Amino acid sequence: ENIPIRQDLAMTGSLSVRGEVLPIGGVTAKIEAAGHAGVRTVIIPRSNLQDVVLDHQWEGKVEVIPVDTLDEVMEHALIKHEQKASLVERLGGIIDRLTPEMSSAVRPV
Numbered sequence: 179e180n181i182p183i184r185q186d187l188a189m190t191g192s193l194s195v196r197g198e199v200l201p202i203g204g205v206t207a208k209i210e211a212a213g214h215a216g217v218r219t220v221i222i223p224r225s226n227l228q229d230v231v232l233d234h235q236w237e238g239k240v241e242v243i244p245v246d247t248l249d250e251v252m253e254h255a256l257i258k259h260e261q262k263a264s265l266v267e268r269l270g271g272i273i274d275r276l277t278p279e280m281s282s283a284v285r286p287v
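First residue of the sequence shown? That's 179 in my numbering, and the numbers climb one at a time after it.
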């Protein structure tokens, strides 16, 4: 799509086939490493938010953005561009279409 990506942020997490951002290990260390590298904004899985225990030196210096889905990641990571809204909307539509199909395919026994 040739939409520029912000170069001043870092992101971590795992991604499901349905576009869900899944938890990872070592989130605090990853945020602090990004801070040491000069990054001031870090996108993490929302499910990891309770695991974040930052040292006082990072308070007010590193912004942590928790997300649940790929379209949220794109909303924060892409630079404003005429095609950004269209891409984020299309990703959201794909995720919406896949999620019901996937959840109905797994039935409790």
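Read the hints as simulated data drawn from the structure, not as lab findings. Computed from a predicted model, the values in this text were never measured in an experiment. Check the hints yourself; a few may be wrong.
Below, a list of computed lysine to aspartate or glutamate pairs in the EDC-like style, where the Cα atoms sit at most 20 Å apart [stated by the list, open to error]:
hint	residue 1	residue 2
1	LYS208	GLU241
2	LYS239	GLU198
3	LYS239	ASP186
4	LYS239	ASP274
5	LYS208	ASP229
6	LYS239	GLU210
7	LYS239	ASP229
Quick rundown of the hints versus the structure:
no. : hint               : result
1   : LYS208 with GLU241 : holds, 13 Å
2   : LYS239 with GLU198 : violated, 27 Å
3   : LYS239 with ASP186 : holds, 13 Å
4   : LYS239 with ASP274 : violated, 35 Å
5   : LYS208 with ASP229 : holds, 12 Å
6   : LYS239 with GLU210 : holds, 10 Å
7   : LYS239 with ASP229 : holds, 18 Å
Of the numbered hints listed earlier, those contradicted by the structure are 2, 4.
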